[in-house]
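Participant: Top line first, the protein sequences correspond to chains A and B.
According to my numbering, numbering within the first sequence proceeds without interruption in unit steps and concludes at 322.
According to my numbering, numbering within the second sequence proceeds without interruption in unit steps and concludes at 519.
No lab work stands behind these hints: they were computed from the structure.
Check before you lean on any hint, since a few could be wrong.
Quick list of in silico lysine-lysine cross-link-like pairs, DSSO-like style, CA-CA up to 27 Å [claimed, not checked]:
{"hint": "1", "chain 1": "B", "residue 1": "K361", "chain 2": "A", "residue 2": "K226"}
{"hint": "2", "chain 1": "B", "residue 1": "K420", "chain 2": "B", "residue 2": "K472"}
{"hint": "3", "chain 1": "B", "residue 1": "K509", "chain 2": "B", "residue 2": "K361"}
{"hint": "4", "chain 1": "A", "residue 1": "K223", "chain 2": "B", "residue 2": "K420"}
{"hint": "5", "chain 1": "B", "residue 1": "K361", "chain 2": "B", "residue 2": "K420"}
{"hint": "6", "chain 1": "B", "residue 1": "K509", "chain 2": "B", "residue 2": "K291"}
{"hint": "7", "chain 1": "B", "residue 1": "K447", "chain 2": "B", "residue 2": "K472"}
{"hint": "8", "chain 1": "A", "residue 1": "K226", "chain 2": "A", "residue 2": "K250"}
{"hint": "9", "chain 1": "A", "residue 1": "K223", "chain 2": "B", "residue 2": "K361"}
{"hint": "10", "chain 1": "A", "residue 1": "K226", "chain 2": "B", "residue 2": "K420"}
{"hint": "11", "chain 1": "B", "residue 1": "K447", "chain 2": "B", "residue 2": "K291"}
{"hint": "12", "chain 1": "B", "residue 1": "K509", "chain 2": "A", "residue 2": "K226"}
{"hint": "13", "chain 1": "B", "residue 1": "K361", "chain 2": "B", "residue 2": "K447"}
{"hint": "14", "chain 1": "B", "residue 1": "K472", "chain 2": "B", "residue 2": "K291"}
{"hint": "15", "chain 1": "B", "residue 1": "K472", "chain 2": "B", "residue 2": "K361"}
Derived, one-sided and incomplete: chain B residues facing chain A with beta-carbon distance under 10 Å [what the hints assert, rightly or not]:
{"hint": "16", "residue": "L317"}
{"hint": "17", "residue": "T391"}
{"hint": "18", "residue": "T410"}
{"hint": "19", "residue": "G411"}
{"hint": "20", "residue": "V504"}
{"hint": "21", "residue": "E508"}
{"hint": "22", "residue": "Q513"}
{"hint": "23", "residue": "R517"}
{"hint": "24", "residue": "D519"}
Glycine is no exception: its CB is placed at the ideal position from the N, C-alpha and C atoms.
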Amino acid sequence: MPLDRNGITRRAARELQDGFYVNLGIGMPTLVANHVPEGMTVWLQSENGLLGMGPFPTDAEVDADMINAGKQTVTGVPGHSFFSSAESFGMIRGGHVDLAILGAMEISQGGDIANWMIPGKMVKGMGGAMDLVAGVRRVIVTMEHCNKRGDPKIIPACTLPLTGLECIDMIITDLCVMEMDRDRRRFRVIEIAPNVTRDEIAERTTAEILFADKLRTIDA
Amino acid sequence: MVDKVFDSPSTALADLVEDGITVAVGGFGLCGIPEQLITALRDSGVRDLVAVSNNAGVDDWGLGLLLQTRQIRKMVSSYVGENAEFERQFMAGELEVEFNPQGTLAERMRAGGAGIPAFFTKTGVGTLVAEGKETRDFDGEIYVMERGIRADLALVKAWKADPSGNLVFRRTARNFNPMVAACGKHTVVEVEELVDIGQLDPDGIHTPGIYVDRIVVTTSEKRIEQRTVRPD
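Isolated chain A (complex conformation):
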């Protein structure tokens, strides 16, 4: 059974470690915040200038000067800090952020990512995505394995304009978890969703991929 968005992001949350500084992309990745294990401290970085992002405010707490990178009203956890956009991207570019979790439209077998532009259709700009994939120490993509038409998104080479080159470390989809093998420059399937077969994954992936000898079932 393929994972739903909740399952994908619950699995992604298992990559968090106590004390991590983490940037979560807009959309599905924001759900990872709901699955931070009890007792673990994770500092959420919002690239518009907030470290220590908290939950949405109550009605009485809403403040127009307090938003996240998705322009949603938010709060800060105890110990949060504010800074400028230059400082924020200094943290990101300078490799101080431990982990970024993002969505993607396409990923190449070598770990390139495309997630910002569909020529002639969606041209809104890359926002902070290019800085994040280039600068953050570890980059994980959470996404559906195939697009809405059912076409594979993990493909030999990206057809859309790139966001970054060879920068993706792990992919978590509704079907499986893949980890980049840095030596062989290919993703290796290490975990598989309950009742999903290796053949199904191979069928829905046109990229050249590796399979671990022992495939674990995703515990999500």
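For chain A, the structure is supplied; the task is to place chain B on it using the hints.
Facilitator: For chain B alone, coordinates are given in the frame of chain A:
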């Protein structure tokens, strides 16, 4: 002391606007935008502007106002997804757009304000953003050269100012404002509150007054793009 305090956005901008100038504008989405200065810029009737701003406002607020009236010739931004009119003009080829990665845009303004004409970053290497730009290998990694930005006019939103131009920003409304303030040949700031000189804690000043030429006190609407709440 030189009087930096002006009585209205329009008088503060009056002799600084000219067709074709480059205007850097602070804010992220609608948060921390110099909304009354933007409206005054529109009302000045200036044309062919090059606007450097992370976003382009929404259709009827912020820089979206100047897009509606076609006063902007070119935008330098990182993300414009909240503005349908922008997308329409861009797709129709009526508006020139230069997309910059958000961190590159912030650093370009920081560098411009700090007298640094160019810098190298790994952001965007191997993408459309790096096309036609110089690249260099540092310690085995490829970097792309990006240019600093100096703007003819910088429009800034701050929370508090004193008459010497020292500024304090509030929460995430700081965003691009400090870099915008520094990269302007002329920098105009709209503030919610003007306090007496000596009233701001010198340790708590975010932008020192040296970067600020003019100040105007305004009443901000502070519109919220996405009001998201949790139950009480």
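Participant: Please work out if K361 (chain B) and K447 (chain B) have their alpha carbons no farther apart than 27 Å.
Facilitator: Cα-Cα ~31 Å, so violated.
Participant: Verify the proposed pairing of K509 (chain B) with K226 (chain A), using a straight-line Cα cut of 27 Å.
Facilitator: holds (24 Å)
Participant: Can you confirm whether the C-alpha distance between K472 (chain B) and K361 (chain B) stays at or below 27 Å?
Facilitator: Holds, because 19 Å separates the two Cα atoms, which is no more than 27 Å.
Participant: Are the Cα atoms of K226 (chain A) and K420 (chain B) separated by 27 Å or less?
Facilitator: Cα-Cα ~22 Å, so holds.
Participant: Do the alpha carbons of K226 (chain A) and K250 (chain A) lie within 27 Å of each other, as the hint requires?
Facilitator: Cα-Cα ~20 Å, so holds.
Participant: Do the alpha carbons of K420 (chain B) and K472 (chain B) lie within 27 Å of each other, as the hint requires?
Facilitator: Roughly 26 Å separates the two Cα atoms, so the pair holds.
Participant: Is it true that the CA of K223 (chain A) sits at most 27 Å from the CA of K361 (chain B)?
Facilitator: holds (20 Å)
Participant: Given the hint that K223 (chain A) pairs with K420 (chain B), test it: the Cα-Cα distance must not exceed 27 Å.
Facilitator: holds (26 Å)
Participant: Using the nearest Cβ pair, does G411 (chain B) come within less than 10 Å of chain A?
Facilitator: holds (5 Å)
Participant: Does Q513 (chain B) hold up as a contact with chain A if the rule is Cβ-Cβ below 10 Å?
Facilitator: Holds - the Cβ of Q513 (chain B) comes within 10 Å of chain A, reaching about 4 Å at its closest.
Participant: Under the criterion of a CB-CB separation shorter than 10 Å, is T391 (chain B) in contact with chain A as hinted?
Facilitator: For T391 (chain B), the interface hint holds, since the closest Cβ of chain A sits about 7 Å away, which is under 10 Å.
Participant: Any CB of chain A closer than 10 Å to the CB of L317 (chain B)?
Facilitator: Constraint on L317 (chain B) satisfied, holds at 7 Å.
Hint compliance for this structure: hints 13, 20 are broken, all remaining hints hold.
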